[in-house]
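S.K.: Those protein sequences? They're chains A and B, same order as listed.
The first sequence begins at 1 in the numbering used here and counts up by one.
The second sequence begins at 1001 in the numbering used here and counts up by one.
For the record, the hints were derived by calculation from the structure and aren't laboratory data.
There could be a bad hint or two in this list.
To be verified - Calculated lysine-lysine pairs in the DSSO-like style (CA-CA distance at most 27 Å, straight line):
| no. | chain 1 | residue 1 | chain 2 | residue 2 |
| --- | --- | --- | --- | --- |
| 1 | A | K352 | A | K88 |
| 2 | B | K1322 | A | K88 |
| 3 | A | K43 | B | K1295 |
| 4 | A | K51 | B | K1051 |
| 5 | A | K285 | A | K51 |
| 6 | A | K51 | B | K1043 |
| 7 | B | K1043 | A | K295 |
| 8 | A | K198 | A | K223 |
| 9 | A | K43 | B | K1043 |
| 10 | B | K1015 | B | K1361 |
| 11 | B | K1174 | B | K1198 |
| 12 | A | K295 | B | K1088 |
| 13 | A | K352 | A | K15 |
Unchecked claim - Partial list, derived from the structure: chain A residues whose beta carbon lies under 8 Å from chain B:
| no. | residue |
| --- | --- |
| 14 | A40 |
| 15 | T41 |
| 16 | K43 |
| 17 | E76 |
| 18 | M84 |
| 19 | F297 |
| 20 | A315 |
| 21 | I326 |
| 22 | L327 |
Claimed, not checked - Label pairs and their in silico Cβ distance ranges:
| no. | chain 1 | residue 1 | chain 2 | residue 2 | range |
| --- | --- | --- | --- | --- | --- |
| 23 | A | P368 | B | Y1367 | 57 to 67 Å |
| 24 | B | R1292 | A | E239 | 47 to 57 Å |
| 25 | B | R1052 | A | F297 | 24 to 34 Å |
| 26 | A | F297 | B | D1240 | 39 to 49 Å |
| 27 | A | R364 | B | K1285 | 48 to 58 Å |
| 28 | A | D87 | B | P1235 | 53 to 63 Å |
| 29 | A | F297 | B | D1120 | 21 to 31 Å |
Cβ atoms here follow ideal geometry from the backbone N, Cα and C, with glycine treated the same way.
There are 2 protein chains.
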Amino acid sequence: MVAQFEVLYNSQESKARLGRLQLTHGVVETPVFMPVGTQATVKSMTPEELKRIGAEIILSNTYHLYLRPGHELVREAGGLHSFMNWDKPILTDSGGFQVFSLADLRKISQEGVTFSSHIDGSRHFFSPERSMEIQMALGADIAMAFDICSPYPYEYNEAARDLEITLDWAKRCKEYHSREDQALFGIVQGGLYEDLRKRSVEELVAIDFPGYGIGGLSVGEPKDLMYEMLEVTVPLMPEDKPRYLMGVGSPDCLVEGVLRGVDMFDCVLPTRIARNGTCWTSEGKVTVRNARYAKDFGPLDPNCDCYTCRHYSRAYIRHLFKAEEILGLRLTTIHNLAYLINLMHRVREAIKEEKLEALAKEIRGLYPN
Amino acid sequence: MVAQFEVLYNSQESKARLGRLQLTHGVVETPVFMPVGTQATVKSMTPEELKRIGAEIILSNTYHLYLRPGHELVREAGGLHSFMNWDKPILTDSGGFQVFSLADLRKISQEGVTFSSHIDGSRHFFSPERSMEIQMALGADIAMAFDICSPYPYEYNEAARDLEITLDWAKRCKEYHSREDQALFGIVQGGLYEDLRKRSVEELVAIDFPGYGIGGLSVGEPKDLMYEMLEVTVPLMPEDKPRYLMGVGSPDCLVEGVLRGVDMFDCVLPTRIARNGTCWTSEGKVTVRNARYAKDFGPLDPNCDCYTCRHYSRAYIRHLFKAEEILGLRLTTIHNLAYLINLMHRVREAIKEEKLEALAKEIRGLYPN
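If we strip away everything but chain A, and leave its shape as in the complex, we get (with noise of 0.2 Å):
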C-alpha cells in the first residue's frame, strides 16, 4: 500500500504527534513542512537547493500544470519528478483551490466546474474525474481529491450544499483514480461548522483514504477560528493517518498546527515574503529592504546556519533588493524555507522531550498576532 504511515510518538502535554510517511519516492519525517513549486518549480531555487536546507517532500500545483506546460506534456516528459529534476516525493494538489481563487467565471454543477484560465481567458472543465486523469499523467506521491473550496465568510446553508457535492466528488475521485504508486488524499470541508466538519470526515472515512486534508481553513479567517476549528475537527480524523492542513504556514501557525494535532503544512507564505524582501529569523520578523539595515554587516539571522546566512550581510541583501538584484530574493527564500524547515525539525526534537509547549511559546513571543 502507498502512503504507509506509522505514528511514532504521542505527545502527553498536546495532541502533537511524531510520524513517518511512507511514500514512493522516500520517507518523510512528520510534522513537515512542503514548499511549494506551483509550476514545477519552488520559485527561484535549484532542487538541489531544496535538498540542502532538507526539504523531503514539495507540493505542486494540477491547476497550473494543467494549464502550463499541461500535464500530457508532463506525462511525456516522464512524469513531474523527471521533468523538474526532482527525485523525492512530491504532493499535487486537485486545482479546486486554484479554479475557486484564481480562474474567472466558474460554473459549478454536480459533474464538476467550468472556468476560465486566468492566463488567457480559454474555457476549461475539472470534474473529479478530469482531476484524477490530470494527477495520475503528473505523477505525484500524493494527489488530492478534487474539491469545492470558498473563502471566509461561508453562509452554513451554502457549506453544507458544497459539502455534499464534495463528498460525492471524493467518491467518484476514489473510483477513478487506479495509480497504485500514488496515494490519494481525501479533503475535510464545511466551512467554520463543527456538524459540517463532523459529517465531512465521517462520510470520507466511510470511503478510506490514506491520508486527509483540511480544507477551507487558512482562507480570511482570524486564526483564533482556524485554531477553534482544527480543536473540533482533528479528534474526529483517524488517529494513524496523516493528516494534512493545507495552504498553511506561518512560524506560528505551524506550531499551534502541531499542537492540535496536524501532521502536513504546505504554503507559499515563506517564498512569497522572502521575494518581498521579508525573513523570518531566531530575533523575529526583519524586512531587510529597510534603512536600518543598511550598514548592518551581519547575517539576517545570528543563529542560522544556512547558506545565506554562512555567506552574507544585511548590507549585502538589501543592496541586492535596492538595486533589483535576483541574488537577493534567491538569499531570502533559502533562508526563509530553510527556517521553516529547520523549525520542524526543532518541532519533532520538541515533541519528543515534551517541550514543545516551551518552543509554541518561543515562536509566538516571535511573532504576535
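Starting from the known structure of chain A, fit chain B onto it as the hints suggest.
M.R.: Structure of chain B alone, referenced to chain A:
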C-alpha cells in the same frame, strides 16, 4: 609587483598567445573571459555557481557601485570581495564607459565629468582622482584608468581631442593611485583612427602600466572594423603585458580577438541574452522560448556538461520561461557562461596545439555574421 604577467607560448599560426596573470586573489590563465557582475553580483548567480563553471575572474562596475550602495559602504564591508562573497580576482572598470553611455546631462572638462545619475537624477562628479579613490575603496585586483569612451561613429577631431584628455587623465590616475595590492591598467583609445591608436599606445606605455585595456571598440561599429582596428592596435602594444579588449564577448568575437593577440575579455552579452532565453550551443544559437522546443526533452546542448545540460530539458526550460519562473533564466545564464568559459578553455588548448584556426572556422560556422 601586482599583476605579474607571463607569456607561456606564442602561436606560430596567428598572434594568439597563452599567458598567466598573477593577481592578488589568484592566478588567471589567459586568454580569459570575465563574467560581468555589474552591481556586485553576476546576475542571478551565486559565487559558488560561478566557480563551478570555472570562472577565474569577474568584472564589476565602478559607476554602479558608486551610486548604489556607495563605495564607502563597500569599503566598510571589507571591500568588494568580502561584500559579495567572491574570493577570486575582480576587475573594476573606471566608470568612464557608464558615465558616457548611461548617465544623463554630462558636462566634460579637462578636470573631469559632471553627470546625472540614471537612477535618481542626482548630480555627481567623476575625475581621474575620484575614479581611483572609488576603485581603491572597492579593492578589486585590477582597477582601470578613467577615460572618455564615445560610441561609433566618432569624428576624427572629436576622437583626437578626447584622446588628449584621456591621456592626461591616465597620468593623473597613475599619480593618484596608491593601493599596492591593486594593479592599475591604462586604456587605449583613439576611435577607429590608426594614428590616434598609435599615439595612445605610445603615451600609455611611456606612463607604464602593468596591463592595457583596448577601449572604444564594440561600441556600435561593424565587426570587420573592430577586427581591423585590433590588427593595427595590438601589434603596437607591449608583448609582455596583458591586453584586455573591453566589452567584447560573443563566441565569434572572442576567437577573432584571440587570433589578433588579445588576452582578456568581458561582456554582459552571455548573461543578458540568457535572460531572454537565447543560448549558445554546439549546434549554434538556441532560442529556447520557441514553440519548436515545447516537446524537446533533450538538453539545451547535447555536447555540454554544465549543470543545466546535465539535469534539464529544453521543454522544461521553455516552460519556465513561458511561466516567467526565475529558475529558467538561472539555468540559461549558467549554460551561457559555462559555454563561453569552456570555449576559452578550448581556445587555450587549441593555441597550444596550433589548432586555433580550425576552432575559429567551427565558431564562424556556428555564428555567421
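S.K.: Would you mind marking each hint as holding or not holding in the structure?
M.R.: These are the hints, each one checked on the structure:
1. A/K352 / A/K88: Distance ~25 Å between A/K352 and A/K88 Cα, so the pair holds.
2. B/K1322 / A/K88: holds (25 Å)
3. A/K43 / B/K1295: holds (22 Å)
4. A/K51 / B/K1051: Holds: A/K51 and B/K1051 sit about 20 Å apart, inside 27 Å.
5. A/K285 / A/K51: The hint holds at about 24 Å.
6. A/K51 / B/K1043: Given pair A/K51, B/K1043 holds - Cα atoms ~23 Å apart, limit 27 Å.
7. B/K1043 / A/K295: Roughly 22 Å separates the two Cα atoms, so the pair holds.
8. A/K198 / A/K223: Holds, at roughly 20 Å.
9. A/K43 / B/K1043: Within the cut-off at roughly 16 Å; holds.
10. B/K1015 / B/K1361: Given pair B/K1015, B/K1361 holds - Cα atoms ~16 Å apart, limit 27 Å.
11. B/K1174 / B/K1198: Since the Cα atoms of B/K1174 and B/K1198 sit roughly 20 Å apart, the hinted pair holds (cutoff 27 Å).
12. A/K295 / B/K1088: Roughly 24 Å between the alpha carbons, so the hint for A/K295 and B/K1088 holds.
13. A/K352 / A/K15: Given pair A/K352, A/K15 holds - Cα atoms ~13 Å apart, limit 27 Å.
14. A40: Holds: closest Cβ of chain B sits about 7 Å from A/A40, inside 8 Å.
15. T41: holds (5 Å)
16. K43: For A/K43, the interface hint holds, since the closest Cβ of chain B sits about 6 Å away, which is under 8 Å.
17. E76: holds (6 Å)
18. M84: Since chain B brings a Cβ to about 7 Å from A/M84, closer than 8 Å, the hint holds.
19. F297: holds (6 Å)
20. A315: This interface hint holds because 6 Å falls under the 8 Å limit.
21. I326: Interface hint status for A/I326: holds (4 Å vs cutoff 8 Å).
22. L327: holds (5 Å)
23. A/P368 / B/Y1367: 57 to 67 Å: At 59 Å between Cβs, range holds.
24. B/R1292 / A/E239: 47 to 57 Å: holds (54 Å)
25. B/R1052 / A/F297: 24 to 34 Å: holds (26 Å)
26. A/F297 / B/D1240: 39 to 49 Å: holds (41 Å)
27. A/R364 / B/K1285: 48 to 58 Å: holds (56 Å)
28. A/D87 / B/P1235: 53 to 63 Å: Check passed, 56 Å falls within 53 to 63 Å.
29. A/F297 / B/D1120: 21 to 31 Å: holds (25 Å)
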